[in-house]
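Visitor: Residue strings, one per chain:
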Amino acid sequence: MYAFTYQRPTSLADAATAIQAEEAKLLGGGQTLLPTLKQRLARPTDLIDLGAIPELKGIREADGGLEIGAFTRHAEVAHSDLVKRVIPALASLAEGIGDRQVRNMGTMGGSIANADPSADYPSAVVALKATVTTDRRTIAGDDFFTGMFETALEPGEILKSVRYSRPDKAAYAKFRNPASRYAIVGVFVAKFGAEVRVAVTGAAGSVFRATAFETALAADFRAEALNGLSVEADGLNADIHASADYRAHLVTVMAKRAVEAAG
Amino acid sequence: MANPNGIGASVRRREDQRFLTGRGNYTDDFKRLNMTHAVHVRSPYAHARILGIDFTDAAAMPGVVAVLTGADMEADKVGSLPCGWQIHSKDGSPMKEPPHYPLARDRVRYVGDAVAVVIAETREQARDAAEMVVVDYEELPAVGSSTRAVAGGAPLVHDDAPDNVCYDWHLGDKAATDAAFANAAHVAKIDLVNQRLVPNAMEPRAAMGEYEQSNGEYTLTTTSQNPHVTRLLMGAFVLGIPEHKLRVVAPDVGGGFGSKIFHYGEEAVVTWAARKVGRPVKWTADRSESFLTDAHGRDHVSHAELAMDADGNFLALRVSTLANLGAYLSTFAPSIPTYLYATLLAGQYKTPAIYAEVKAVFTNTAPVDAYRGAGRPEACYLIERIVDVAAGVVGMDKTEIRRRNFVPKEAMPYQTPVALQYDTGDFAKNLDIALPLVDYPGFQQRRAESKARGKLRGIGFATYIEACGIAPSNVAGALGARAGLYECAEVRFHPTGSVTVFTGAHSHGQGHETTFAQIVAERFGIPIENVEIVHGDTNKIPFGMGTYGSRSLAVGGSALVKAMDKVERKAKKIAAHMLEAAETDIEVKEGRFTVAGTDKSLGIGDIALQAYVPHNFPLDELEPGLDEQAFYDPKNFTYPNGCHVCELEIDPDTGVTTIVSFAAVDDFGNVINPLIVEGQVHGGLVQGIGQALYENCVYDEESGQLVTGSYMDYCMPRADDVPSFTVRYHEDQPCTHNPLGVKGCGEAGTIGAAAAVINAVVDALSDYGITHMDMPATPEKVWRVIRDATPAMAAE
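For the protein sequence lines, the chains are A and B, in the order given. Following UniProt numbering, the numbering of the first sequence begins with 1 at its first residue and continues without gaps. Following UniProt numbering, the numbering of the second sequence begins with 1 at its first residue and continues without gaps.
Just to be clear, a hint being listed does not mean it is correct.
Claimed, not checked - Not everything, but these chain A residues come out facing chain B in the computed CB check (under 8 Å):
no., residue
1, L41
2, F175
3, T211
Stated by the list, open to error - Derived lysine-lysine pairs resembling BS3-like cross-links, with alpha carbons at most 30 Å apart:
no., chain 1, residue 1, chain 2, residue 2
4, B, K451, B, K398
5, B, K409, B, K350
6, B, K455, A, K169
7, A, K57, A, K84
8, B, K451, B, K562
9, A, K38, B, K350
Please keep in mind that the hints were generated in silico from the structure rather than gathered at the bench. Heads up, the beta-carbon is just placed ideally off N, CA and C, and yes, glycines get one too.
Isolated chain A, as found in the complex (with noise of 0.2 Å):
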């Protein structure tokens, strides 16, 4: 890597005036930008590690579903209780993300923030209504993701934290890359009286919501309801692991089966 500044601040007011550095970099578990700049990919001139911020860390049951702050790992929103009792496929997904060494350094906020269209988080934000709290605003979780790695986050915009509202049923089902476990496919079904979610990540640039599967589930949440639906191949990511039509088929098995843990 590059050589570049390393700073450590205690506060998120801290981190908001070094982030303002040209060309810094926010550091959170690392598990994207520190390959990134091993490979000497990326030059900042500062890194300003997200680590020491007490506002950033911590789970808490919040208007009957949780707020989790944005520097809390994967393995915590695995293994926590609280997540486990008010939104199991919550933890269910962490406990799915890359191997044990990526669930125990990288973030929520670090998945989210890089916005990566093969992270499992965004599905999640997504399906469960969230909203997204930085240092200077909320953004509703549907305006979050705009693009391939693009947020509606500002230079500079430190994210916070996350509040998830509780379904009364979901589940996330994954189809991982066997090479970097990210997801070819991943599908978040989430259960909110008469209303579902469907959010759909890795196949496509961004996270994007099946509405034809959330109006046929709506109507009858059961997996044999998405019978026959699929979604369009055409614009849907396509390497060597898996083309745009097996993606697709893909989006309705996931579907299928998160509907099926859901219950």
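Following the hints, position chain B against chain A.
Guide: Just chain B now, kept in the frame of chain A:
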């Protein structure tokens, strides 16, 4: 009383203490005063002409000591990296052997080909400066695959290799094979690809060169499986350093799988540069460099046909293989798709006529050479795939067609039609042990149960035989080897009775420090703690050919036995002198020397002490000291063999394959340490399963860019991808021609597993009308087969 740590004991690996506690001493751990760091400037193009190299800015960067290029090497008369094996084509012409310079001179021929080296005070400074080296390339059309290499009008990788052909070789009796096909009742055919693999040793390659001006001595510390071979090749052919002035040390090495057998350009660069800059120079590959520049494995495209009579007896096998050797000839590359592949095409079967043609080609990809199994997995995969196809053609059970065609135990020693003579093997016994382990009769019921759950279940068999313990020097020499293939050992008793063994074999994960010590402890009746195994240093070991081809125990262990024989003979003389008896009256058992019929005896420890304190030796008859060395050159290859059975389940909705069970029954001859053998089998199986289901090295066919250059895209098998293995071995068929009766176990798992897995995948998909699927059987590939099946099938 039997030695608790002797032969046959599952002694825990003594080396693991240091490996598991981070106390291993790997090449990159070595630090020297004034050491500098080298970073290579590598070609981003698969094929390009070098028009110029401008390193003015790079040389002015902080910490830069030197920037060196191919022109500097040429000025210093540095030679080409030599190839250790020469193959002759069908027409008698020698293979094309274009030069392979450590730093490219006028053209680069694969992505990663080294163009220059930057030497600086720190590695990061060297990297910074390497980015500032400006190479003016004229990009040329590239050849990214073997099939493209032989397509008409393909660009030439080397101007002096027409049609990109290195050699066009054959083996076997073509006329007899053709005649058998003419009379065949049935013919099975298959087209298959044995895909390219990246070796992925845990420790990346590294090398440190040192030069001592006061005495002209060079030292190369390197990640090598065979330091003496590297010393010979680099000293004699590349840098012109005589052996007595060049020390090569291969300290702890974190896995090789073949990729560290070869002499690589970076080793020559750091050794040469150490003298140029007057300071030690160290280079350590990062993982991206490993992907790009470690010699890759496999990469065959084959067509095969098997002729049978009406009863499914094999009459003849015809094989045509296109082998990709990459951009340059790596050290043993030419031998892999020829003498380590085609000679194994008989497999365990008594097929009377075999004819194989192998065309080996150059491409703009990383060099391809031996990778765990090296030619033999390719042979096993081809045979076991076509045997399954043949079972379908004649309508026989897959185990029965194998049993019917096995070379019977009674036929041993058996001369195959492809040059080898198997010494021992009871192939039916392997199958007999395996079938109950997997409850073969119960399979159809399990398949029905899976189907009821919406899953597809398959079972796959693979039998294998490999030629290991490579091999008699005279045979290898006749086949084109430019090296001998013996091994050396020295057994040194110290005055107080402890022993140091110096072996030319090299351990990079195999556990020699334990198994070799067990052999010594057993022989001399001493505690294993009193035995130290030293390897990997040309200044300590008399000579050695290193470790590959599952040869350490069969060849190196035999050398050790020979050296122990000599020690024992000498000790007997000393005992006779000390006990005032005739040498012929001394009986020896487990290190105890007894005058026959008396209670007068001495232990080896007493004798060792006397050997170094020879106060009253008859010096004209008896030399002081107890230190003997021996060279062992085998009479034949050894022939480990076995039977693998894989059972798996496919999820038709996603195409995901899950291995349910895997059983391996092996005949490794005698087993020294069952625990280590089992570990070797486990690791080998995972590597074979990795090839069958996950791993695939992909180059873009036209641009020659490596598509799978990291673990994000190159899928390695992980612990949770494989089941608990059922591993058995039997010792009924010890090797007949080495003193330990051992055959070797290092590659077996890898050789059999891939075929067993794919046979099981094809079996699971048999309702969908396919007879073959190329590796890796990825979920999408499997899903497509199911989706593309007839609508009637899909609706069922």
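Visitor: With a cut-off of 30 Å on the C-alpha distance, tell me whether K409 (chain B) and K350 (chain B) pass.
Guide: OK: K409 (chain B) and K350 (chain B) at ~11 Å, within 30 Å.
Visitor: Can L41 (chain A) be said to touch chain B, with a Cβ gap under 8 Å?
Guide: With a closest approach of 11 Å, the L41 (chain A) hint is violated.
Visitor: Taking 30 Å as the top limit, are the C-alpha atoms of K451 (chain B) and K562 (chain B) close enough?
Guide: With a Cα-Cα distance of about 58 Å, the restraint between K451 (chain B) and K562 (chain B) is violated, given a limit of 30 Å.
Visitor: Please work out if K38 (chain A) and K350 (chain B) have their alpha carbons no farther apart than 30 Å.
Guide: 55 Å, violated
Visitor: Compare the distance between the alpha carbons of K451 (chain B) and K398 (chain B) with 30 Å, and conclude whether the hinted pair is satisfied.
Guide: 21 Å, holds
Visitor: Under the criterion that the straight-line Cα-Cα distance not exceed 30 Å, is the pair K57 (chain A), K84 (chain A) satisfied?
Guide: 18 Å, holds
Visitor: Minimum Cβ distance from F175 (chain A) to chain B below 8 Å?
Guide: For F175 (chain A), the interface hint holds, since the closest Cβ of chain B sits about 6 Å away, which is under 8 Å.
Visitor: Take a quick look at whether K455 (chain B) and K169 (chain A) sit within 30 Å of each other, Cα to Cα.
Guide: 27 Å, holds
Visitor: Can T211 (chain A) be said to touch chain B, with a Cβ gap under 8 Å?
Guide: 23 Å, violated
Consistency note: the structure conflicts with the earlier hints numbered 1, 3, 8, 9.
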